[in-house]
Amino acid sequence: MNGQVVVATDLTRRYGEGDAAVDALAGVSTSFERDRFTAIMGPSGSGKSTLMHILAGLDKPTSGTVELDGVEITGLDDGELTKLRRDKLGFVFQFFNLLPVLTAEENLVLPLSIAGRKPDQQWVEQLIDTVGLADRRTHRPSELSGGQQQRVAVARALVSKPAVVFADEPTGNLDSRASADVLDLLRRSVDEFGQTVVMVTHDPVAAAHADRLITLRDGKLVQDGAPGSAEDVIELMKQLD
Amino acid sequence: MTSLGLKSLWARKVRALATSFAVVLGVAFVAGSYILTDTIFAAFDEIFSESNKGVSVVVTAKNPVEQESGETPSFSASVLKPVERTPGVKQAAGAIFTQGAFFDSKGEEIGSKFAPKFISSALPAGLRAVDYVEGHPPRGPTEASIDDAAAEDSDLKLGDRIKLVGQTRARSFRLTGFTRLGSASFGGTSIAQVTLPVAQEITNKRGRLDQISVAAADGVSAQALKRRIERRVPSSVRVETGKENADRGSEEIRDSLGFFQTFLLVFGFIAVFVGSFLIFNTFSITVAQRISEFGMLRTLGASRPQILTTVLVEALAVGLLGAAIGIGGGFLVAAALKALFETFGIDLPTTDLVLESRTVVVSLLVGVVVTLVSSLIPALRSTRVPPIAALHAFTPVPTRRRKVLYAGLSILLGLVGLGMLLAGLFGGGGAGARAGLMGGGAVVIVLAVSFFSPHLVRPLSAIAGWPLERLRRLLGRLARENAQRNPGRTAVTAAALMIGLALVAFVTVFAAGLKSSVAQVVDENFAGGLVIQNTNGFSPIPNGAAVAAREVPGVETVATVRSAQAKLLGAGSSALISAPSRDIGEALNVEWTAGGPEDLRRLGDDEAILSNSFASDHDLEVGDSFQLLTQTGARPRFQVTGEFDSKLGVLGSILVTQAVMARDLAQTQDSIDFVTTTPDADEAKVQALLTKGVEVAFPTAEVLNQQELKQQREDQINTLINLFYALLLFAVVISLFGVANTLALSIHERRRELGMLRAIGMSRRQVRTMIRYEAVITALIGGILGMVLGLIFATLIAQPLKDEGFTLSYPVGSLIALLVFAAVIGVVAAIYPARRASKLDVLESLQYE
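As they're listed, the protein sequences go chains A and B. Per my numbering, the first sequence starts with residue 1, numbered consecutively. Per my numbering, the second sequence starts with residue 1, numbered consecutively.
Next comes chain A alone, as it looks inside the complex (with noise of 0.2 Å):
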C-alpha cells in the first residue's frame, strides 16, 4: 500500500527579521512515499534539521504547508499536535534522550504509556527480539551502551506504529558499529515492519542504508535520488560543495 505520507509544498522558513533575517528554507517541495527509508543531508545551515522539524510539526513554516497522512498540519494547535504526535508520529534523536528513571522496556512503551494505551505484548515482545535487549529489559539508561540506548529509542519510536518515523542524527553520537546496528534496525524497520522513515544525517555511510537521498543548500532542495553505496554518497556531496 504505497502513496504518499507526508507532503511538502513551498515550505520556507525565516528567522529573525530586518537586515538579520535568514531564510533557513526558501522554498521546498517535497512528499515522502509509504515504505519508504528517505535520507536527508545538506551542509551544516543547510536547512535539513529545519524541513525536518517542520515536516514533523515541531516547527511552523513561515509559508508553505505540510500534509501528514491526509492530515494539513502546519494550522494546528497544541492540543492537536500532541495527538498527531501520539497517532502518526514517531522519534529518534542524537542524544538518546530515554528517561533516566525507567527501564529499558518502561521506555520503550513509554509512548503507549502516555497514551494510556494497552501495548500489545506481541508486537513489544517482537520488538525487544528485533533490537536485540531481550536480557536487558529491566536495565536502566545508564546501565546500557550509547548503542543499546538509541536502539531502545528506536524500538520507542516504532511501538505505536506511527505513519512516519523521524530520526534526527541518529548515529551523530555512536560509534561505528553502534552506528551500523541502529541503521540496520532502521532499514528492517522499513523491510519487515512496512515502517516509513526520514532520517536527517551527515553521515554518508548512513544515508547508504536509504532508499532515496535528497540534499540541501541553501535552503534549497538541489537533489533528489536513490544514494547508491557510501562511496557514491560522499561523491555527490563533493559534488555540491
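Derived SDA-like pairs (lysine to any residue); straight-line CA-CA distance at most 25 Å:
#1 B/Lys839 x A/Asp87
#2 B/Lys839 x A/Gly16
#3 A/Lys83 x B/Arg836
#4 B/Lys839 x A/Ser63
#5 A/Lys118 x B/Glu753
#6 A/Lys60 x B/Arg835
#7 A/Lys60 x B/Arg836
#8 A/Lys83 x B/Glu469
#9 A/Lys83 x B/Glu753
#10 A/Lys60 x B/Glu753
#11 A/Lys220 x B/Glu844
#12 B/Lys53 x B/Val89
Between beta-carbon pairs, the in silico distance windows are:
#13 B/Ser292 x A/Val222: 37 to 43 Å
#14 A/Asp87 x B/Thr795: 56 to 62 Å
#15 B/Arg384 x A/Val222: 50 to 56 Å
#16 A/Ser145 x B/Ser292: 21 to 27 Å
#17 A/Gly27 x B/Arg835: 35 to 41 Å
#18 A/Val222 x B/Glu844: 27 to 33 Å
#19 B/Glu844 x A/Gly225: 30 to 36 Å
#20 A/Ser145 x B/Lys13: 41 to 47 Å
These aren't lab readings, by the way, just hints derived from the structure by calculation. Note that beta-carbon positions come from the ideal geometry of N, C-alpha and C, so glycine has one too.
Given the structure of chain A, go ahead and fit chain B onto it with the hints provided.
Only chain B this time, still in chain A's reference frame:
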C-alpha cells in the same frame, strides 16, 4: 573575584531575587515583631507621660506582689491630708483608677473584650491629664464621661446612658463628656470617669484612694517636693515625681510585655530558619548548574579560595539585599500582625510605627549571617570542582564513606538534640534555661532529621506517591521517580516544610490534649450544677452576684472562690492563693492527699491547705508553717492542715479563708462561683432564672452549665491555637516558595527530557499533572516528617505535665487534615513551575544542552 561574584549575580537577577525572597520574608517577620512591639511600648510611654501632664508628684501604694490582673492595692484616703499640708504643694487630689467594665444602653459591652477598662475619678482642673473634646467632666452622682475612641466605637452620644460595673451592682450614668489623652491609640483599652465619691463607691473603695496627684507651687522642684511629702506619709505608700512614675509604668509594661516580643520573635526566627533551608537549596542547585563555569575558571588559573570568594560574595549581596528589603517589609508585617491580633479580639495600643536602630542592626545581621551560613556548604562544594569539569559533564558524586559519615553524624546530632530536650524537660534550673534547652534541643533534632532525611526520601516518596500511582499510573510513577532522583535536594525542600508542619502538628496534638484534659477536669471534679464567671473567662466578678444567686428559687448552695497572687516568703516566686467558701465541698470533688473536708470547713485564719505539688515543690508538710508576702505588704503566717490533689485546676496552690483573703490580700471579688440546685429543681429552669436575675445586675457575670463551661474553655484553646496557626502560616508560606523554587530549578535542568516527552506525545496537561504530583510528593514527605516530629515533641513535652492532670490524646482527624494541607501546599507550589514546564517549546527544549 569579588566583582565576578556580583556580575554573575546580576546576570541571574531573577534567581537572585528568588533567593533574596527567602531572606526578605524571614527578616521581615523579625523586623515586624520589633517594630510592632516597639510601637506598642512607645504608645504606652506616651500614655504614661501624658497621664502625668502637669503633675509634679504622684503617691501610690507600694506593690510588693504583682497581680496577674495588673491591679495595684489602694491606700487609705487619710494620706491625702498630710500631703495637702506639705509646704510647696499648690494642689493635691486623690483619685481612683480601677478595672471595671462598661455597657451601652442595649447591654452591649463597650471596648474590646480582652483589653482592660478603667473606672477612674475625674481630677480637678489643675491636675487633669485628659482633655475634654466634647462636653464637661462628671459633676453629679449620675454623670460620667468616657474616652472618645470608645464612644466612637460604640456609637455613643452625649446624653446617652451607659452602665459601669466595678465591684458592685451595675449602675447607670448619663454621658456628659468625651475625653482624649495625648495622641496615641489605646487599642481596646477604655477609661470612664465619674466623680470621686461615686468611683469609690462602685469600686468598693470607700475611704480609700488608688493615687494622689500633686501639683507643685511655683519655684518648688518636683524632687524637693517629693522628699518633703515622703517625710509626711506612711511607709506603705510610694512617693514619686511625675516623671519617675511614668518611667516606672513604661518599664513595668516592658517587663510584662517582654514575653510578647519574645513570642513574636520566636515565630520570626522560625521563619528565618525555614528560609535558610531555601537559601541552602538554591545555592546548592546554582553551584551544581555552574560546575562547568567553575571548571573553566580553574583552567584559567583561579584558585580555590577565589572560587569560594565568588560564591560567598554572591551570598553576601543576596543577604544584604534581602535584609534591606526585609526591613521595609517589617512595616507591612507589623501592620499585618496588628490586624491579625485584632481579628482575635486583641486590640493593641499604637502610635506612629517605630523603627529603632536595634531593629535595623539585628535585621541586617540576621539576613547576612543566615545567608552566609546557609551558602557555606554549597560554596565549599564549588571549590572541589576540578578543572576538567570545564571540558565534559562532571557530577560530583558523594562517596559511600561520606554518606555513611553524614548518616552517622546526623544520628549523633539527633541524640544530642534529644538529650537537650530531655534535660530541659526533666532537669532542674530556671524556667528560662529549661525553655532554652528544650527549644535548642528541638532545633538540633530538626537539623539532624534534615541531614538524615535524604535517606528517607526513597521510602517516604514511595508512601506518598502510592495513591498518585494508583490514580495515574505513569504520571504518578514519573513524579515519584523524579522526586527520588536527587534525594538531597528533595530532602532539604521537604525539611523546610517539615519545620512549619511539625510545629502545627505539635500545637494541634498539644491543644487536643489540653481540651480533653479540661473536659476531664470539669467532668471529674465538678459535682454537677452551674458556674458563674466573668464573660471574658478570667476577670473576677462582683461578690454581689453570688448573694443575688442565693435568692433564686431552686438554688441550694452558691460556693465562691476568690483568688490573688502572693509570694511564699523566702521562695521568691509568686503563687496563686485561693479562698473558697466553706461549702466548696458541695460543688467540687476535692481529692484529699492529707487531711479531709473537715479541715477545709473548719479552716482557721492562721491555717492553710496546700496543693500536693506545691507542698512537695517547697518541702512543706501538714504541721509545718510558712509565711506569705501579700500585695498589701502584709506577712501573714499559716500552719499547713491538709493537702489536696493539684489536678483540680480551679483552686490555686494555697487555700486560705475568705477573711484572710479580704484582710491581707485585699480581694473581695469572686473569681468563680459554683451553684448547686435542690434535688427537685430543673437545672435548665434554674439556669434561666439565674441568668435573668444575675446577668442584668451584674452584666460581667455569666451563668454556664458544665457543658457550656467545657465548650467555653475549649473555645478559648481553639482561639489560641488558631492564633498559633496564623503565625506559623508565615513559615509554611516560605517553605511553599521553597518547593516552587526547587521545582522550577529542577525543571530547568530537565528541559530536554520534558521536550522529549512532549515530542513523543505527552500533552501539556499531562506535564502539568506530573510536575504537580512531584510537588505533592515532596510536600507530603515534609508533611509526614513534620507530623511524626510534632507527635514526638508533643508526647515528650506532655510527660512532665501528667502530674498536673494533662492527658495526651491524638486527634487523628486533624492529623489527616494536616497531610491534606501539605498536599494542597504542594499543589499551590506547583502552579507556576507546572505552567512553565507545560509551556516549554518542544524544539528549543530538545536542542537545549
